[in-house]
Every structure is written in C-alpha cells, then in structure tokens.
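The opening residue of the sequence shown carries number 1 in the UniProt record's numbering; numbering runs sequentially from there.
Check the hints yourself; a few may be wrong.
Quick list of simulated restraints, FRET-style, between CB atoms [claimed, not checked]: (1) Ala91 / Glu45: 19 to 25 Å; (2) Gln95 / Lys42: 32 to 38 Å; (3) Trp84 / Asn10: 14 to 20 Å; (4) Gln64 / Thr14: 25 to 31 Å; (5) Gln95 / Met23: 28 to 34 Å; (6) Gln65 / Asn94: 34 to 40 Å; (7) Glu39 / Asn94: 30 to 36 Å; (8) Thr66 / Thr14: 21 to 27 Å; (9) Asn35 / Asn94: 31 to 37 Å; (10) Thr34 / Lys69: 27 to 33 Å.
Source of the hints: derived by calculation from the structure; they are not laboratory data.
Quick reminder that beta carbons are idealized off the backbone N, C-alpha and C, glycines included.
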Amino acid sequence: MDSKEQHALNYCMTLIVDNMNVMSVVDHLRVILTNEEVEIIKAIEISQNQRRELIDILRRKEKQQTPFKRLLRALSSDRVGQGWLANEIQAIYNQEDKVTEFGRVTNVLLSGAEIDDALQK
1 MDSKEQHALN YCMTLIVDNM NVMSVVDHLR VILTNEEVEI IKAIEISQNQ RRELIDILRR
61 KEKQQTPFKR LLRALSSDRV GQGWLANEIQ AIYNQEDKVT EFGRVTNVLL SGAEIDDALQ
121 K
C-alpha cells in the first residue's frame, strides 16, 4: 500500500474503527487475506480492535494486491453496504492528490517569482 493510501486510512481511522462492518469486509477480502490473518482477526474479542487489525494487515499487503481499492470495493458492495465510508476514504485520498498538485503549482509559481525578482535587480 502506498503512502497516499495509508494517509487516507490514517485520516479516516476513527470513522473506520467506529463504523466498519469488519467481518463482512473480511469475507469480501478473502482473496487477499490468508486463513491465518482471518483467524487472527476473529480471535480478537473487541470489534474496534478487529477493525484496527484488519487495517494493519491491509497496510502490509503488497501494492500489486490492491488492498486499498479492494477495501473500498468491499465497503461499497451491497453485502457490506457502507459505501458512505468508502466515499469518505476516497475523498481524503483524492484530497491528497489536490494538495500534491497545489504544492507542485506553488513551487512552479514561486520559481517564476524568483526569476522575476532576479530580472528586476
């Protein structure tokens, strides 16, 4: 999982921990979760801690397994029915793109301003 995806999950962690239907999501993610990982999650008695563990497991997954996209699809599925949570996470992910682009544009503008200053001297 890349840093932007991890940032979006970190930012939304309170929403995830308080609201995610963890076992429905786990069932949906069995294609990338090992039996051992599923058993670890099931063995945790407190549901908030199950949710944290699932997110920690997904963070450790290789990018090729697309854990972030699969999580969003699982949340949006009819079976889980938490598209609103997927939308919140996606919005933060998209916002990160805008912040990155803003920073790039700002740097370009500042570079242009420095050139203008140098020409005026």
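Going through the hints against the structure:
1. Ala91 / Glu45: 19 to 25 Å: With Cβ atoms ~32 Å apart, the hint is violated.
2. Gln95 / Lys42: 32 to 38 Å: Between Gln95 and Lys42, where Cβ atoms are some 34 Å apart, the hint holds.
3. Trp84 / Asn10: 14 to 20 Å: At roughly 19 Å between Cβ atoms, Asn10 and Trp84 fall inside 14 to 20 Å, so the hint holds.
4. Gln64 / Thr14: 25 to 31 Å: 29 Å, holds
5. Gln95 / Met23: 28 to 34 Å: Given about 29 Å between the Cβ atoms, the range holds.
6. Gln65 / Asn94: 34 to 40 Å: 22 Å, violated
7. Glu39 / Asn94: 30 to 36 Å: Given a distance of about 35 Å, which is inside 30 to 36 Å, the answer is holds.
8. Thr66 / Thr14: 21 to 27 Å: About 24 Å separates the Cβ atoms of Thr66 and Thr14, which means 21 to 27 Å holds.
9. Asn35 / Asn94: 31 to 37 Å: 34 Å, holds
10. Thr34 / Lys69: 27 to 33 Å: 19 Å, violated
In the structure shown, a violation is registered for the earlier hints numbered 1, 6 and 10, in ascending order.
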